Each structure stands twice: as structure tokens, then as C-alpha cells.
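Enquirer: Given only the sequences and the hints, what does the whole structure look like? Please build it.
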Amino acid sequence: MSNFRALAVVTATLEHVLQDAANQAVGQADVRVGAPTAKLAEDGSPLINLFLFRVLPNTQHRNDHFPSRDGGGNQRTRARIHLDLHYVLSFYGDAAKFEPERLYGAAALALEHAPGLSVAAMEAASADAANQTILAAADLAAEGRAIGLEPEQPSLEDWSKLWSVFFQVPYALSATYVVRNVAIETQDDPGPPTPVATPEIFAAPMGPLQIRSIGPSEGQTGPAPWGGTLHLTGTGIARFGNSLRIDGQPLTLDEDAISGDALALPLDAALFGGVVPRAGAHQLEVVAAPVDPAMPERLRRGSNVVAFAILPVMTQVAAATGPGSAAGLRSGTVTVDIDPPLRAGQSATLLLNAFGPGQLGNAAIEVVAPAAFPASQLDFAFTDLVAGDYLARVDVDGFASQPEVGIDPQQPNFGRIIGPLVDLS
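Note that the sequence shown covers residues 1 to 425 in this note's numbering.
It is worth saying that the hints were derived from the structure and are not from the lab.
Predicted, not measured: the structure shown is a model, and the values here were computed from it.
Just the calculated beta-carbon pair ranges, DEER-fashion:
#1 V305 x P357: 45 to 55 angstroms
#2 Q359 x D268: 29 to 39 angstroms
#3 G398 x V305: 16 to 26 angstroms
Heads up, the beta-carbon is just placed ideally off N, CA and C, and yes, glycines get one too.
Expert: This is the structure:
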């Protein structure tokens, strides 16, 4: 690949090719590089004007650009880009002697006779006395390949738009050419790559592997309480030999969790490799079983990554109360046992809703900072709450524990919230 001087080498090479053609067509003809000006038409001297008016990414090599840095920001390879260079050639001279037409014909034949810019032509342009100082460090010719060149066929509207850019410059006989796939790259050294100790190639089937829903019951989405069951439905996820990846950590999928085409994962420490996770949001994906047992886990195909939430569970709630600042008010501390324990960096709030007949009032109480983490028992200090029963829930990082609901169809409280309650009398 070439350095940033490659564009200049292409322009200089075109200038050389056109100069040779102009000399054969019209005596004393010249080639100028730059945007057309009104003075060129006024002078009437035989001349070919060469102007690079547009540079675009090469479409065929648009996806050849690999990331040049890894996840840690370290350089892996040189940055590279493939470009197409668009030139406009304008032809000037004495119209009575047909000099513009003669120059056009000579230039078109020269560019058609040897399509592309040869290595020899690029070397000659770089070694020219006028360019040697400027292009001495250019290395486009060192690639050892010719650069593609072809004419374009702009419409009359395209010509009108192009020449309108040249302010107060009269139109001259012109042609456009494009030089394809000029590749340039940075010159800094990324350093030697990490050697491969044992090169191996693995193949895996490309069957569908997708999670469609995840939640506390099959087909339902939403958070699930700790100690409950996380249900997953999808395609290809309930295959023997599959495994899990939770929060990026590879974990074993118990065969007992496979239920038909779905998964039923008990939310316990065993699911997380013997570690009790924190309450709140997590990520999960199902990883396909390897065809080859030697295939590293990182190369195994995974499903889409889905989010799920673990709700904290209140295992016990009690209150120690005393008189408040007025009759009927109570102050004190509510102690709550929760599972999973509160971890460092997490927030916890006790949510209280008045539950007694005719009782009004709600409260959200921040946790008293635990002495150590993880903390399974939390204290919440309150002041001047109306005496009575309260529905209690604990919120950890925005995920609140679920209330208890009556499950006996024979009881009047069936389907209604019945607890857990805390007595602040």
C-alpha cells in the first residue's frame, strides 16, 4: 500500500502522459494542473488543463477496511482507505486552427492506447526533475501494479453543475476520467502480532439459535423473583449440549432445565456457578453445543443477547417503633431481610403503602448504610408515620420485590394483595 503522496503521483503521471500527447498534436502545447480559470480561454494558447475535482471511496473495496485498533485502543494494523479520483480535462487553443479538438483527440487516444497508469509511467513522473523533491518519498509505483483509468460519461446536467462551480469561467471542450482504486495507508508500525501457538480450524452448523421471550412464566416477559424460575422460549435453545453465557460468564446448562422447546431456569446460586448474583438487570445468551469438543468456548455460536431482571425477595420484616412527635404518629426502624443480599454500589429503598381500613399514607425510606457488604439485613429509619399496618416492599436499583397475593380460590382475598405487612403501631 502507498502513503498519502499517492494522489499526487497519479496527478503527476497523468500530466506526463498528457504532455507527450499534446506535444504530438500541437506545437508548443502545454499541460496545466489546477482548476480552470477565465484567463485560460482569454489567452488562447494551446493547453490541456488537468483538475482533480472529486475524490470518493472505492465501492468495491468499501468493506476491506478492518478495524485498526483492538478493544483496548492498541493499534492492530495500519489504517487504510481505497479511493477513486475523478479528473476533468479541459482543452484550450486557437479555435480557427482546431487546436482544442486536436488536443482532445490526442489525449483520448493516449489514455485509451495504454489503459491505466503503468508502473513505468508512475516512476517517470516521480523521477522528473520538477517533481523529484516533492515526490521523492512516494511509493505508489512500488506496489508493482498499474492503476485503472477509464472515461466517464456525465450528462449535460452534470456538466452544467460542474462548470457552475468554476465562478465566471466560460465552458471549454472537456472530458472526465476516473482513476480507480488508489489505496493509501498510514506508515506507523503497529508492532508484531501475537504469535499463534497452535493454529486450528473449527466448523459449526448454522442452524437458527434465537431467544424470543424471557420472563417469570413461559411466553411472558418481565422480571422474575429470586428463587423463582426464569422461562425462555425460542428456536434451537433447548438442545442438549447447549450452554449459557450470563453477563459474559460461561455457565453450564443443566439438562433438567430443558422442557420441550423451552428452558426453565431455576434462579438460584447453582445457575450462576455457585455464586449468588446481585438483584437487578443481567444479560443472557444461549451458546450452541460444539461439534468438536476441542472448540474453545469463545468460538461457539451464541444466540441473541437478551436482558432479564432478578427481583429481590423479602424473607422477613419487623419494626421497632416508639412515639412520634404527635398523637397517632410513630417513629422507629424497620428491619428487612432480603435475598439476594445488597452489594456495594447498590441502592435500596423501603416502599410502604398504608393497608389498614380507612388508613392513608405512603412512604419511601432510604436504607441506613450497612456496616459491611454484601448485606442480607437492612435497616430503614422512619419518623412520624401514621400508626397502623403497611404493605412493605423493598426496591433495589429500581427493581421492587413482589407483594404476596391470595392463592386460595375459596378465600375472599383470592387474587388480592395480602402482604407482606409491617405493623407500625
